[in-house]
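Novice: Chains as they are written, first to last, in full-length UniProt numbering: chain A, 1 to 387; chain B, 1 to 387.
Since no wrong hints were added, every one of them can be taken at face value.
One copy or two, either will do: identical chains are not told apart, so a pair holds if it fits within one copy or between any two.
SDA-like mimics (lysine to any residue), calculated; alpha carbons at most 25 Å apart, straight line:
id : residue 1 : residue 2
1  : Lys40     : Ala70
2  : Lys225    : Thr345
3  : Lys40     : Ala73
4  : Lys225    : Leu367
5  : Lys225    : Ala331
6  : Lys225    : Arg339
7  : Lys198    : Arg137
8  : Lys198    : Ser17
9  : Lys225    : Ala138
10 : Lys225    : Glu361
11 : Lys225    : Val101
12 : Lys225    : Ile329
Bear in mind the hints are in silico, worked out from the structure with no lab data behind them.
Protein chains: 2
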Amino acid sequence: MTNLPDDPRLALMLLSSMIEPGDAELDDLLGEIGPIEVVKRLWEGEVPERLQRITSAIVSCTHDPAARAADIAAATEECGARVLIPGDPDWPDQLRDLLLVCDADEPHVRPPRCLWVRGEQDLDRLCRRSVAIVGARAATEYGQHLADDLAAELTEAGWTIVSGGAFGIDRAAHLGALARGGSTVSVLACGVELPYPKGNHSMFNLIAERGLIVSEWPPGTTVMKHRFLTRNRVIAALTAGTVVIEAAHRSGARNTARYAAELGRVLMFTPGPVTSSMSAGAHQLAREPWEARLVTRAEEVIEDLTGIGGPLATPPPPQRRPFDRLTEIEARLVESLPRGYVVETTRLAAAAGVPADIAAETLDRLLQTGWVDRIDNRWRLSRGSHS
Amino acid sequence: MTNLPDDPRLALMLLSSMIEPGDAELDDLLGEIGPIEVVKRLWEGEVPERLQRITSAIVSCTHDPAARAADIAAATEECGARVLIPGDPDWPDQLRDLLLVCDADEPHVRPPRCLWVRGEQDLDRLCRRSVAIVGARAATEYGQHLADDLAAELTEAGWTIVSGGAFGIDRAAHLGALARGGSTVSVLACGVELPYPKGNHSMFNLIAERGLIVSEWPPGTTVMKHRFLTRNRVIAALTAGTVVIEAAHRSGARNTARYAAELGRVLMFTPGPVTSSMSAGAHQLAREPWEARLVTRAEEVIEDLTGIGGPLATPPPPQRRPFDRLTEIEARLVESLPRGYVVETTRLAAAAGVPADIAAETLDRLLQTGWVDRIDNRWRLSRGSHS
Numbered sequence: 001m002t003n004l005p006d007d008p009r010l011a012l013m014l015l016s017s018m019i020e021p022g023d024a025e026l027d028d029l030l031g032e033i034g035p036i037e038v039v040k041r042l043w044e045g046e047v048p049e050r051l052q053r054i055t056s057a058i059v060s061c062t063h064d065p066a067a068r069a070a071d072i073a074a075a076t077e078e079c080g081a082r083v084l085i086p087g088d089p090d091w092p093d094q095l096r097d098l099l100l101v102c103d104a105d106e107p108h109v110r111p112p113r114c115l116w117v118r119g120e121q122d123l124d125r126l127c128r129r130s131v132a133i134v135g136a137r138a139a140t141e142y143g144q145h146l147a148d149d150l151a152a153e154l155t156e157a158g159w160t161i162v163s164g165g166a167f168g169i170d171r172a173a174h175l176g177a178l179a180r181g182g183s184t185v186s187v188l189a190c191g192v193e194l195p196y197p198k199g200n201h202s203m204f205n206l207i208a209e210r211g212l213i214v215s216e217w218p219p220g221t222t223v224m225k226h227r228f229l230t231r232n233r234v235i236a237a238l239t240a241g242t243v244v245i246e247a248a249h250r251s252g253a254r255n256t257a258r259y260a261a262e263l264g265r266v267l268m269f270t271p272g273p274v275t276s277s278m279s280a281g282a283h284q285l286a287r288e289p290w291e292a293r294l295v296t297r298a299e300e301v302i303e304d305l306t307g308i309g310g311p312l313a314t315p316p317p318p319q320r321r322p323f324d325r326l327t328e329i330e331a332r333l334v335e336s337l338p339r340g341y342v343v344e345t346t347r348l349a350a351a352a353g354v355p356a357d358i359a360a361e362t363l364d365r366l367l368q369t370g371w372v373d374r375i376d377n378r379w380r381l382s383r384g385s386h387s
Numbered sequence: 001m002t003n004l005p006d007d008p009r010l011a012l013m014l015l016s017s018m019i020e021p022g023d024a025e026l027d028d029l030l031g032e033i034g035p036i037e038v039v040k041r042l043w044e045g046e047v048p049e050r051l052q053r054i055t056s057a058i059v060s061c062t063h064d065p066a067a068r069a070a071d072i073a074a075a076t077e078e079c080g081a082r083v084l085i086p087g088d089p090d091w092p093d094q095l096r097d098l099l100l101v102c103d104a105d106e107p108h109v110r111p112p113r114c115l116w117v118r119g120e121q122d123l124d125r126l127c128r129r130s131v132a133i134v135g136a137r138a139a140t141e142y143g144q145h146l147a148d149d150l151a152a153e154l155t156e157a158g159w160t161i162v163s164g165g166a167f168g169i170d171r172a173a174h175l176g177a178l179a180r181g182g183s184t185v186s187v188l189a190c191g192v193e194l195p196y197p198k199g200n201h202s203m204f205n206l207i208a209e210r211g212l213i214v215s216e217w218p219p220g221t222t223v224m225k226h227r228f229l230t231r232n233r234v235i236a237a238l239t240a241g242t243v244v245i246e247a248a249h250r251s252g253a254r255n256t257a258r259y260a261a262e263l264g265r266v267l268m269f270t271p272g273p274v275t276s277s278m279s280a281g282a283h284q285l286a287r288e289p290w291e292a293r294l295v296t297r298a299e300e301v302i303e304d305l306t307g308i309g310g311p312l313a314t315p316p317p318p319q320r321r322p323f324d325r326l327t328e329i330e331a332r333l334v335e336s337l338p339r340g341y342v343v344e345t346t347r348l349a350a351a352a353g354v355p356a357d358i359a360a361e362t363l364d365r366l367l368q369t370g371w372v373d374r375i376d377n378r379w380r381l382s383r384g385s386h387s
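Here chain A stands alone, though its shape is the one from the complex:
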């Protein structure tokens, strides 16, 4: 008799090593009979034919599935990770929203079955006030500067930054947040023990120390193009909103953006030069029917994330000049005073297009504030006036 895993967590870990995330048929079956029973039926050849075909290679050469599951658990422990499954106290329930958007065209957009997490933090708590910052690997200096800045300021405002682990925008966002003492979440498309790309090695170590490295795939899984796309749905679903900073027209960040929009999360983008191909994909978001919001500062991101009732971004302080403090009518009168001449009230009023009585009142006020001088009931621009 086959030795089967007797723990749902172990069974889910085993299944995740055999079948890619977002398999609608498997997920439906898991919902019906639970992971232990699914594993049992797989090895007994009693699952729908399609699932049998997908798993046949592994089933046929694995005579002790419980031992295989234990191996995965050991590899998980060895790299200091653990596995979260739905129902765990630190499982982020917002991932369920993915059920709302998966459909026949995209059956793989399902909630994850389980998550490997590396780090001490509580994933649910970290993501409760979180925002994704995503963008191009081949980002410009400008884009990286923006990502770093935005991540730093959002961190200071108490928001957790969630991103992938790529060079460019992902890296800049993590480092910006980490530099302010933040805990970030890096969601990977490979095993958590060897985050890709290796060049971000020390960044990943810092994230594991302070935040969390997260993946749907067991240790030993390597990156593949389709896994990045699958991973993106998790970044979008974990967070309250996604900010796209620099994305070429074809870009994974735009894929994350679409998931965010479909999930009803707040989709934002930062603008850049029209002449920069790296900004083209971000600008394109503004012209798609997703209502992507243009953001230029952390305050605006927070305003958009918190919506009605939340803090409003203070408009940047206008560069006020003395002239600008004048009312419309005051300004008209000051401007209508020819430099170096003295003018009667009625004539000045006519030039400024202001009724004479209002002009007289207003000129008295301008006299008090030092804008004009009065000479024999006529008016002159005061020498101290700047206009």
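Put chain B on the given structure of chain A with help from the hints.
Specialist: For chain B alone, kept in the frame of chain A given last:
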């Protein structure tokens, strides 16, 4: 007896030299009794007290109003200009839309009473397919490059560019259009005989030759701050839409933008670096309740101007790579093939998360297109494949 102008056009010219545009009381009176009668009553002291006060300085020192009107007509003719009044065949009727937006807060947002135009062209015809390009005087090289480019391409697509006459964006837009042989319209806040600023002298000459210089004020009128704001409503009302290219937070371009939005014209802006103060005002438009559209190319401007049924901007051609032509399932299979190994169909199908029968079909197709080689019913990545 006072010598009064006997022609409505002359009467309007005279009135325009006495009372600033957008005087609700005068305009209402003009609607009731017509310009000749208004002039008569002004000189007889039979108009409402406020109008009397505004005009008293001129009325009291002008004993021959008909001669004064004739002087204005002579100055108009001398600079090669003419005066258009509502009802003229080349009067642009869309200016009437301003009646929809003037209210107690902004009584001056009224249609112009008359327009001085310098140039041969028909103003109505020129503006029938027109778009305003406005922005900062202190524009960056980037902004000027954009304005020039956009104006050139819109001109080639048969659109007339309308703008002010300032340095920076206005100038770049005019020159971009003129360089492609376009006729542009420059709407001024001073007399058409001496367009401000003088530094754009040769540009204005070119515009007068090929397009039109337009103003609500008679020859001899100098610019004033409030006249620029009054002028902006005409730029917004003449055109089907306004594109704001670079505007600081406090900027006349944003004033034009607001009029365009209120008039139901299409309001557009071009993005720029978040770090550029010159783009801040343009970006701010996207966050105001005006539904300003982000545009990066002339095609997008035209798409927005023509709306439903108009030409759609073709999305920029994606930079296709051979791998990208593969379907999702083909791509998964190609990526799951380890380099340098041969793999069985079922094992490869499992690794790619694809049902074995679909994998088999798909691999046959990939064999034909040269992506994979078959060796004894097992599969290998073809040497020629790029992935």
